[in-house]
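Using the hints provided, position chain B relative to the given structure of chain A.
Chains A and B, in that order, are what the protein sequence lines are. End of the first sequence sits at 412 in the working numbering; the numbers just go up one at a time, nothing left out. End of the second sequence sits at 184 in the working numbering; the numbers just go up one at a time, nothing left out.
By construction, these hints were calculated from the structure, which means they are not laboratory data. The reader is advised that the hints may include incorrect statements.
To be verified - Label-pair restraints from in silico Cβ distances: (1) B/Q180 x A/G235: 31 to 37 Å; (2) A/A400 x B/G133: 45 to 51 Å; (3) B/E161 x A/A380: 18 to 24 Å; (4) B/Q167 x A/E393: 18 to 24 Å; (5) B/A154 x A/E391: 24 to 30 Å; (6) A/E296 x B/E161: 39 to 45 Å; (7) B/D119 x A/G298: 33 to 39 Å; (8) A/E293 x B/Q37: 45 to 51 Å.
Heads up, the beta-carbon is just placed ideally off N, CA and C, and yes, glycines get one too.
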Amino acid sequence: MANVEGKATAITVLTPVKREGPLVLWAVFWAGRHIKETLKKLEQLSFIHYARWTVIDRFPDEGEGEELGHEYLLFESNFNGTWDQYIDAFSEVVPLRMKAIWGTSYGFPGPLPVEPFKAYIRRNEYVANHYWSAYPGSATTEIISAEHVEAALNEFRHHAAELEPEAFKIAYESLMTTIQHDL
Amino acid sequence: MSGGNNVSGQAYALTVLTPIIDGHETQLAQYLNGLQSGEQSPLAAVPGTHFARWVVIDDVIYEGPDQGEREHLQHSRLLFTSNFDGKLDPYLDALRTGLGESADAIWGHCIGYPRGDDADAFAKYLRHHQVGTSLFFASYGDRTVQDVKRSLALRSKVVEFALRAQGLPAAELKAAFLQEFSS
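For reference, chain A alone in the conformation it holds in the complex (with noise of 0.2 Å):
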């Protein structure tokens, strides 16, 4: 059982959805993936690495797939940080996305207030048997931070070889400032 790589922490969630839940989870996965500030909000939890909503109306077998009484909407994020800091942040940042997401699924109590939001995805998880993680050393914030460096240091060696000494030095402090948080 490993739901945990490292620095990374693997959630597995699958929830039966009310008959009415595949329309609006439709229009809401439709929102996600055309209004920019759907997914804007999720950047803010600055430590999900990848999270995807998939839903299920047949569960592929040899033929046209298992068709069960409902559909069901599986959950997976790759995160860092501990499990309760995850669903904390996603109850007080994005609790309206919660609602409208597994608000179409059964026995959802809503995201407020937290410890019945809890129970319910500890009760619908299901633990990986085997985690992958190709960093496992690194949070998020860190690939990001690392991005932002690269990026401000590639600027820089483009013309850093011409400068005077000088003029290098003062360049180098002003890259260093800049980059600062980033390191």
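Okay, now just chain B, sitting in the frame of chain A:
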């Protein structure tokens, strides 16, 4: 199934659900639980994989009478998800060759699995059991695994250099910088 919803930037969200042969659930779970983690994971040999997981889904969860009668999967499912770089076809091939015998040791517990020595049949099997993504969120979907690792390594190098270069006179600072970062 493959399409735009599986993609964010250059990242692809793959979701595969395969039916487990009746009676093989425990054996499969034990095999997956016993896999080594980190660089010893079979997924370490599959280039371009940011995060991936296998999860044995024994059955769906019942959320109580609101949902109507309790329903069950006819067969347990093995969930495989991956967040990887680039297109699906080359990745399925990388998965087959990278996992090698592990692919057979895992999906060999699933109904209809053709074995990994047949490239076309392997890809077809996983594609047939793929479920399309409804919404995919990637914090840095334009960055490949290589990009991420390169930026992280560069960031460490910059931190190290910044400490070492403190107080150096301008000419020495420039020389040291160019030596470290000019390539």
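Hints versus structure:
In this structure the hint that B/Q180 and A/G235 lie 31 to 37 Å apart at CB holds, the actual value being about 32 Å. A C-beta distance of roughly 49 Å is found between A/A400 and B/G133, which places it inside the suggested range of 45 to 51 Å. Remark: the range hint 18 to 24 Å for B/E161 to A/A380 is upheld by a beta-carbon distance near 19 Å. In this structure the supplied range 18 to 24 Å holds for B/Q167 paired with A/E393, their Cβ-Cβ distance being about 21 Å.
As the Cβ distance of B/A154 to A/E391 is approximately 26 Å, the hint placing it in 24 to 30 Å holds. Under the hint 39 to 45 Å, the C-beta atoms of A/E296 and B/E161, about 57 Å apart, miss the expected range. Checked against the hint of 33 to 39 Å, the C-beta distance between B/D119 and A/G298 comes to roughly 36 Å, which is consistent with it. Range check, A/E293 to B/Q37: about 38 Å between beta-carbon atoms, so the 45 to 51 Å window is missed.
In this structure, the earlier hints numbered 6 and 8 are contradicted, and the remaining ones agree with it.
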